[in-house]
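Undergrad: Spelled out, the chains give:
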Amino acid sequence: MRRFLSLGLLCLVLLSTAMTAQAQSDPSTPDDQAALALLSALDVDSYRDKGEAITAILQSDDERARDWLQALLDGRLQRADDGRFVLVLDNRGRDWPVADALTNEPLGEMSRRDLERVGINNALRNQLRSAIAVVDLYSPNVERRRTSADRLLGEVDGELAETLAPVIAEAEDDHVRMRLTQAVAIYRAEQGEMAGVEALTGSLHPRARVALGRAANSDDPIVADAAAAALAGIEQQLKINRGLETLYFGLSLGSVLVLAAIGLAITFGVMGVINMAHGELMMLGAYTTWMMQQLLPGQPGLALMLSIPAGFMVAALVGIAIERGVIQFLKGRPLETLLATFGISLILQQLVRTVISPLNRTVVTPEWMSGSLVINDALSLTLNRMYVLGFALVVFAALMLIMRRTRLGLEVRAVTQNRAMARSMGIRATRVDIMTFALGSGVAGLAGVALSQLTNVGPNLGQNYIIDSFMVVVFGGVGNLWGTLVAGLSLGIINQVLEPWAGAVLAKIIVLVFIILFIQKRPRGLFPQKGRAAEG
Amino acid sequence: MMTQATSSQFWLTRPFGERATQTFLGVLFAALLIVTVLHLAVPQGHPLHVNAYTVNLFGKYLSYALLAVAVDLVWGYLGILSLGHGAFFAIGGYAMGMYLMRQIGERGTYGHPVLPDFMVFLNWDSLPWYWHGFDMAWFAFAMVLLAPGLLALVFGFLAFRSRVTGVYLSIITQALTFALMLAFFRNEMGFGGNNGLTDFRELLGFNLRSDATRLGLFIATGVALALGYILCRAIVTSKLGRVCVATRDAEARTRFIGYRVERFQLFVFVVSAMLAGLAGALYVPQVGIINPSEFSPLFSIEIVLWVALGGRATLYGAVIGAILVNYAKTIFTGIMPDAWLFALGALFVLVTVLLPKGVAGLLGHLKRRKEDDHPPKEAAA
Numbered sequence: 001m002r003r004f005l006s007l008g009l010l011c012l013v014l015l016s017t018a019m020t021a022q023a024q025s026d027p028s029t030p031d032d033q034a035a036l037a038l039l040s041a042l043d044v045d046s047y048r049d050k051g052e053a054i055t056a057i058l059q060s061d062d063e064r065a066r067d068w069l070q071a072l073l074d075g076r077l078q079r080a081d082d083g084r085f086v087l088v089l090d091n092r093g094r095d096w097p098v099a100d101a102l103t104n105e106p107l108g109e110m111s112r113r114d115l116e117r118v119g120i121n122n123a124l125r126n127q128l129r130s131a132i133a134v135v136d137l138y139s140p141n142v143e144r145r146r147t148s149a150d151r152l153l154g155e156v157d158g159e160l161a162e163t164l165a166p167v168i169a170e171a172e173d174d175h176v177r178m179r180l181t182q183a184v185a186i187y188r189a190e191q192g193e194m195a196g197v198e199a200l201t202g203s204l205h206p207r208a209r210v211a212l213g214r215a216a217n218s219d220d221p222i223v224a225d226a227a228a229a230a231l232a233g234i235e236q237q238l239k240i241n242r243g244l245e246t247l248y249f250g251l252s253l254g255s256v257l258v259l260a261a262i263g264l265a266i267t268f269g270v271m272g273v274i275n276m277a278h279g280e281l282m283m284l285g286a287y288t289t290w291m292m293q294q295l296l297p298g299q300p301g302l303a304l305m306l307s308i309p310a311g312f313m314v315a316a317l318v319g320i321a322i323e324r325g326v327i328q329f330l331k332g333r334p335l336e337t338l339l340a341t342f343g344i345s346l347i348l349q350q351l352v353r354t355v356i357s358p359l360n361r362t363v364v365t366p367e368w369m370s371g372s373l374v375i376n377d378a379l380s381l382t383l384n385r386m387y388v389l390g391f392a393l394v395v396f397a398a399l400m401l402i403m404r405r406t407r408l409g410l411e412v413r414a415v416t417q418n419r420a421m422a423r424s425m426g427i428r429a430t431r432v433d434i435m436t437f438a439l440g441s442g443v444a445g446l447a448g449v450a451l452s453q454l455t456n457v458g459p460n461l462g463q464n465y466i467i468d469s470f471m472v473v474v475f476g477g478v479g480n481l482w483g484t485l486v487a488g489l490s491l492g493i494i495n496q497v498l499e500p501w502a503g504a505v506l507a508k509i510i511v512l513v514f515i516i517l518f519i520q521k522r523p524r525g526l527f528p529q530k531g532r533a534a535e536g
Numbered sequence: 537m538m539t540q541a542t543s544s545q546f547w548l549t550r551p552f553g554e555r556a557t558q559t560f561l562g563v564l565f566a567a568l569l570i571v572t573v574l575h576l577a578v579p580q581g582h583p584l585h586v587n588a589y590t591v592n593l594f595g596k597y598l599s600y601a602l603l604a605v606a607v608d609l610v611w612g613y614l615g616i617l618s619l620g621h622g623a624f625f626a627i628g629g630y631a632m633g634m635y636l637m638r639q640i641g642e643r644g645t646y647g648h649p650v651l652p653d654f655m656v657f658l659n660w661d662s663l664p665w666y667w668h669g670f671d672m673a674w675f676a677f678a679m680v681l682l683a684p685g686l687l688a689l690v691f692g693f694l695a696f697r698s699r700v701t702g703v704y705l706s707i708i709t710q711a712l713t714f715a716l717m718l719a720f721f722r723n724e725m726g727f728g729g730n731n732g733l734t735d736f737r738e739l740l741g742f743n744l745r746s747d748a749t750r751l752g753l754f755i756a757t758g759v760a761l762a763l764g765y766i767l768c769r770a771i772v773t774s775k776l777g778r779v780c781v782a783t784r785d786a787e788a789r790t791r792f793i794g795y796r797v798e799r800f801q802l803f804v805f806v807v808s809a810m811l812a813g814l815a816g817a818l819y820v821p822q823v824g825i826i827n828p829s830e831f832s833p834l835f836s837i838e839i840v841l842w843v844a845l846g847g848r849a850t851l852y853g854a855v856i857g858a859i860l861v862n863y864a865k866t867i868f869t870g871i872m873p874d875a876w877l878f879a880l881g882a883l884f885v886l887v888t889v890l891l892p893k894g895v896a897g898l899l900g901h902l903k904r905r906k907e908d909d910h911p912p913k914e915a916a917a
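Just so you know, the protein sequences line up as chains R and S, in that order.
Under this note's numbering, the first sequence is numbered contiguously, ending at residue 536.
Under this note's numbering, the second sequence is numbered contiguously, ending at residue 917.
Hint data in this document are derived by calculation from the structure and do not stem from the laboratory.
Ideal Cβ positions, reconstructed from N, Cα and C, are used throughout, including at glycine.
You may find that some hints are simply not true.
Footprint (simulated), chain S over chain R, 3 or more residues, beta carbon under 8 Å [as the list claims (entries may be wrong)]:
| no. | stretch |
| --- | --- |
| 1 | 64 to 78 |
| 2 | 319 to 330 |
| 3 | 338 to 344 |
| 4 | 500 to 514 |
| 5 | 517 to 526 |
Only chain R is shown next, with the shape it has when bound in the complex (with noise of 0.2 Å):
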């Protein structure tokens, strides 16, 4: 690790041969003797010389350097048996295609008998990362610029510190600066400075924390107690964003719930119906949007903003099958529109089972999906996950605005409270069911295409959630809208808290117990309904 002495000597040389290498415009091509006797001097047993030839390699302005030493270090630098270095492009298979490495043309396919691997050890690989590092700092690539400054994060040793300095005071980039700035720190508090250690206080990346682990076993007392004092800030700040990311899975989980259960809220809650094929329902949606990427393949965001509607749709039109099929003529007998809904869902599920496939179906994540939010070094947050939490707010807002202010929702909540009156009013209670299903339907379609960007795509994806999405509904309150996000929101967090020390399974197992005992004290959930709907 410590064997490139030269390398802060050979970074001054890169740092004016790149500078030079661009100024000159003249593409003419670098003695192609000179590069292949460099490559020839990593093609010997010592590894001890290897290391020289690494270093002369560095040393020389040569372009192709990085391309060599980044084929050296993936084992792809090859030499074949006529005495040619190559680069091995693709390895798999017999033959291999592959390119000379000093003009890199390709050279069409070669067997792999006929080509040897230029060997390395662990201590070279370590050598050529940092030296790749060093020379991606200066590459006109800022993302590049930035993997190789996170890269160098304790690769640091004594010369390259010094070979830094000039560099961090250039670097143009905040990324950049401020992580050559920690790789330095780190050395210099593993060396016992005082400097690495207060450069370093804050820091959140772990290999800060090991440095300054080290420097708190100083024998300079100062030093060890600087060391041990940010290192508790550190940890006190970890415990805090510990606490965030923790609070975020359950918001994220929380989210999942309320959507799963918002549909039910609105079909059991207002409705009286007990739905069992409501998990189904959105198994559909997730289906759909796996359809969706199907018939617009190359473009999974497309699809995917496609499939809110038609994932609505197609759950939505479901369920008024299933309420005109069968639930209206199961009216007043709840138990049985359970059983019969149950049965309902296990159509659903061996249909697609039969039809699609009992395997899962992967579902495209599009790319602004995708990836995460870094807040710091120890806090990250998924994007995914954040954009299913806005849409569930989003289908709930959307949902209470249906219910308050629109004339569906005035007379569903008509219907709800006074059947008989409402209907002596002149609405319509029949139309007003079939839409209320299709609405709560609908919404689990759009809770299947969320979960889609979430979780596997499968025939069983909905029965995973119905125990669940019932258990928020009833704990929330039947018929309350806002129980339910509450419930839903305060559920996931419960679990996502008790996870780390209980477990998964147990962690669910005791919200269920929970949850039992709670609708023993409360039998109507946390807001009952007061009034008049609440004798129903």
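For this one, chain R is given, so just place chain S on it according to the hints.
TA: Using the frame of chain R, we list chain S on its own:
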């Protein structure tokens, strides 16, 4: 409609005076006898011979039938739709399984004198406290009844006291069995985790793999079913049973009349759970395994379907339903496994929409038609 004369009889013997009970017991014992004779007396290879596998299968159906009777007792007569009776069944089964595990003794794969194989495998060095005593048959058999009964007592006490009824109760019973399933899947629970308890050898000294033991278990299950049926029948025809029916039809009114509804509910619920536990205990030695899948909500809701198909609040309907559905399941999963869930799902829908009184209602309807030419209108509903 009980007459004054019959209600003065001793409550436990009263069912014998009913025609339905007499018919049921007659058919049940005839079936037991016929199967036994066909198994023992008819030589192998003869078309009428019933082989040991089929006897075992019938034994399994009969234990399911007992479970269905237990569910019908609470659903048919008390109006409590329990979606968690599979839990009581499974707990009874686990109690029996624990006894059978202890009977294996040194014959397990690892040859440990006390610890079952899976505990040796998990590197446990001693038996968890709740496994003690299960080497004694009387203790294990008592636990078959007491463990599910205790769970039902605690759960029912909490639920009925706070008047959780109807759909809410159904959902939390489902949550109960779901939570138990998750718990039993954990290796740390000490019940064999995912694999459950299996590899049983003998029960009370009888080799579980011999044909004679299988026949014995079949007959024992039949007798247990008969006894369970008589017990339930006695309960529902007693005064207590009338209160239950009143509770089912109008809980608030019954309460206002002055009955402590929750006590009746609790009593019947516990009896039902114990019967379910007994059914589980008879089931386990016949199938040779008990694992957490018996706790799955799907199984519990399937039991309800058996009862619905057979006909609620008849008890014998539950037996018919359990045997019919499970026979159909055996046939279907044998010839076209994919179609089974379609068939099961369709059954759920058709029975609830078209056949609200089940097969028993259909039988009664046909009988009445025969008896007079003017069938009562309500029977068609």
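Undergrad: Now look at each hint and say whether the structure bears it out.
TA: Structure-based check of each hint:
| no. | hint | verdict |
| --- | --- | --- |
| 1 | 64 to 78 | violated (count 0) |
| 2 | 319 to 330 | holds (count 3) |
| 3 | 338 to 344 | holds (count 6) |
| 4 | 500 to 514 | holds (count 6) |
| 5 | 517 to 526 | holds (count 5) |
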